[in-house]
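Engineer: Line by line, the protein sequences are chains A and B.
Position one of the first sequence corresponds to residue 1 (the numbering used here), numbered consecutively onward.
Position one of the second sequence corresponds to residue 1 (the numbering used here), numbered consecutively onward.
Please note that the accuracy of each hint is not assured.
Far from chain A by the CB rule (all over 12 Å, computed), these chain B residues [claimed, not checked]:
no.: 1; residue: 13
no.: 2; residue: 19
no.: 3; residue: 32
no.: 4; residue: 35
no.: 5; residue: 74
no.: 6; residue: 119
no.: 7; residue: 121
no.: 8; residue: 174
no.: 9; residue: 260
no.: 10; residue: 318
no.: 11; residue: 350
Selected chain A positions facing chain B (in silico; Cβ < 7 Å) [to be verified]:
no.: 12; residue: 9
no.: 13; residue: 65
no.: 14; residue: 83
no.: 15; residue: 84
no.: 16; residue: 88
no.: 17; residue: 90
no.: 18; residue: 95
no.: 19; residue: 100
no.: 20; residue: 227
no.: 21; residue: 277
no.: 22; residue: 279
For the record, the hints were derived by calculation from the structure and aren't laboratory data.
We put the beta carbon where it would ideally sit given N, CA and C, even for glycine.
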Amino acid sequence: MELGFLLQLLLNGLIVGALYGVVAMSFVLIYKASQVVNFAQGEFLLVGAWVCWWLLTAWQLPFWLGFLVTLAFMTLFGILLQVVVLRPLIGEPVISVIMITIGLSIFFQALMKWMFGVFAQPFPPVFAVERVRVLGLEVQSVYLFSLAISVAIMLGFWWFFTYSKHGLAMRATAFDQQVAASLGVSVPRVFAMSWAISAVVSAVAGVVVGVVNGVSSALSFYGIKVFPAVILGGLDSIVGAVLGGLIVGVLENLAQWLDAEWLNWGNMYQVAPFYAMILILLIKPYGLFGTETIERV
Amino acid sequence: MATMTPAGDYRSTYREDMTIFPTRGSRIALWVGLALLCLAPLVLDRYLLHLLINIGFLGIAALGLNILVGFTGQISIGHAAFFGFGAFASAWAHEALHIPVALAIPLAGLATALIGLVFGAPAARLKGLYLAIATLAAQFILEDFFARARWFTGGVAGRVTEPFSLFGFAFDTDETYFYVVLAFVVVMFAGAANLMRTRDGRALVAVRDHYLSAEMMGINLAYYRTLSFGIASFYAGIGGALYAHYLLFVSVEAFNILFSIQFLGMVIIGGLGTIKGSLMGAAFMVLLPEVVQSLADMLAGGAVDRALKLGASISYLREMAIGAAIILFLIFEPDGLAHRWQQIKAYWKLYPYSH
């Protein structure tokens, strides 16, 4: 029993962690391409999920159509944010950039609450909910679906950055903006594209969470949970982000279990990743795979 | 410092150069201003006094954050947690240790400074966005601590506090408490303005402007970064304690991340690295929700109100206004209100021969 329970916890952690990994990946994408720490990442999930929910309930669109319209909307949304809000801040100190994404974060959080209310809304049933047995463990089919989507997105990222022209252009820009620009890569376009891709991928994650748990303002907390994941993996490593997300997902579940069994502190599920983050920042601030910046005068 | 001085006014000593109020006009304005503020409770009504008191204690905490962010160049996204710690510490010291409130407030400031030093320890190694993320963790850890430490905070129920009293006289109305806050504001702002003229203050600015050069000039980076965190937390603690003894009730939920962001907003809107900007930013943040409220009241009952549900969602509109104000200021007025004020003054000084 004990072992089975532990395995169940691990599996839950991996499923949630894969979603964290996806969000962390899109966070790292923006950071790598445009050196912007995006505190509004969670709002991408939130906006995406609410738009999709609205299309499905108010307009009665079929899921596939509503989903595609959502993705198109999020592409525009990401590009618009980058061009209108972030572009004037290129070259400004890091605190201004951080603050503007924080400003965006509370603006859109409040806007979504205003438009759609504070209560969690269930998605119209997209897939039949069944319990499936995998390796002797009970899993709901939606969770498997969410895991499959996460893995698909990760594979998509891998393909995009290894083989596609735009992905290579983005990697070149991340490596050295001046060199990339001199070789004909349009840096402003790469910036806009990275925001668009990040918004779309986060929205997919948002819709997945929405289908599983219902849409609510709690979705934006994924944007905060991203920080332990990316710090663990290293701020500029996509592989690190995925791994960090998985570790944070497992850590949360283990911490909750430890807490329920022995400690009885309560709320460890939310706070344990942040304790871990402080430790990592003190011991190894560049994370597992991040590049250590060496400053020369 | 870009202070305007009359033509032909040459400073011949460092002492003259470092004066905070360099001209006679500015000194007269200071005393007249203080005198007017002392008369304020006799003239103004409750509502305006309430706003002024709010501006006072928020301004003190914002000044602390400005010392950290504006003068030292460190980022903290956990200021509200320290503000809350000060509030609880003062209330707890009074109730459990029977320390008089007048003494508990500075003690709460010191206790918060100690906590700030603990969480500022990463600041010795980290800077920029890594530090921002570390303080984000501090925010959540402290918030969690507030919810859990029932002996300290009263848990979910919150903690009732006693009014400020001195020599048996209780400052428990808006009119009387205004003087308490005013006294603290004057002391804390004078303290900060003087701190920035000392060796330590200049060291903080040097760390902000170019930390490698600062280190080569013999400034101990780790020491000054941590010290700046301690000072910022001290100010937050004092502000929080004043808040606790004004509202007479402190609840755990008040000190969330949105509040922290509001403090950052005050600092940015007021002007990074300016003393008076902190107060201007606090005033802006206190008045902004009131303006939103009155705009919504103006539209109340009309077609716009019914279509957009303005009345029912006023708190979201306020949050949106805060977010929008931060974004717009960063894009269009990154130097803040203090800079704008300076420019307005310069314009009138040379009027009508401004060219």
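Engineer: So, for every hint listed, does it hold in this structure?
Structural biologist: Here's how the hints hold up against the structure:
Every beta carbon of chain A lies more than 12 Å from that of residue 13 of chain B, the smallest distance being close to 34 Å; the non-interface claim holds. Consistency note on residue 19 of chain B: stated as away from chain A, and its beta-carbon is indeed over 12 Å from all of that chain's, at 30 Å minimum. No beta-carbon of chain A is positioned within 12 Å of the beta-carbon of residue 32 of chain B; the least distance is around 36 Å. Its beta-carbon lying about 37 Å from the closest one in chain A, residue 35 of chain B satisfies the requirement of being farther than 12 Å from that chain.
Chain A draws residue 74 of chain B into its interface by the beta-carbon criterion, the shortest separation being 9 Å against a cut-off of 12 Å. Not every CB of chain A is more than 12 Å from the CB of residue 119 of chain B (nearest about 8 Å), against its label as outside the interface. Residue-level check failed: residue 121 of chain B sits 8 Å from the nearest beta carbon of chain A, not beyond 12 Å. Every CB of chain A lies more than 12 Å from the CB of residue 174 of chain B, the least distance being 30 Å, so the non-interface label holds.
With a least beta-carbon separation of about 9 Å from chain A, residue 260 of chain B fails to lie farther than 12 Å from that chain, contradicting its non-interface assignment. Not every CB of chain A lies more than 12 Å from the CB of residue 318 of chain B, the least distance being 8 Å, so the non-interface label is violated. Listed as a non-interface residue, residue 350 of chain B keeps its Cβ farther than 12 Å from every Cβ of chain A; the least gap is roughly 30 Å. With 7 Å as the threshold, the beta carbon of residue 9 of chain A stays out of range of chain B, its nearest partner Cβ sitting at about 21 Å, so the hint is violated.
Look at residue 65 of chain A: its Cβ only gets to about 28 Å from chain B, farther than 7 Å, so that hint breaks. Taking 7 Å as the C-beta contact cut-off toward chain B, the hint placing residue 83 of chain A at the interface is violated, the least distance being around 12 Å. At its closest, the beta carbon of residue 84 of chain A sits 9 Å from a beta carbon of chain B; the interface hint therefore is violated under the 7 Å criterion. A cut of 7 Å between beta carbons decides the hint on residue 88 of chain A: the least distance to chain B is about 5 Å, and the hint holds.
Among the interface hints, the one on residue 90 of chain A is violated; its C-beta lies about 12 Å from the nearest C-beta in chain B, farther than the 7 Å criterion. The interface hint given for residue 95 of chain A is met, as the beta carbon of that residue sits about 5 Å from the closest beta carbon of chain B, less than 7 Å. For residue 100 of chain A, the interface hint holds, the least distance from its beta-carbon to any beta-carbon of chain B being 5 Å, beneath 7 Å. Annotation: residue 227 of chain A was flagged as interfacial toward chain B, and the flag holds, the nearest CB pair being 5 Å apart, inside 7 Å.
A least Cβ separation of about 5 Å between residue 277 of chain A and chain B falls short of the 7 Å threshold, and the interface hint therefore holds. Evaluation of the residue 279 of chain A hint against chain B yields a violated restraint, the C-beta minimum of about 10 Å exceeding 7 Å.
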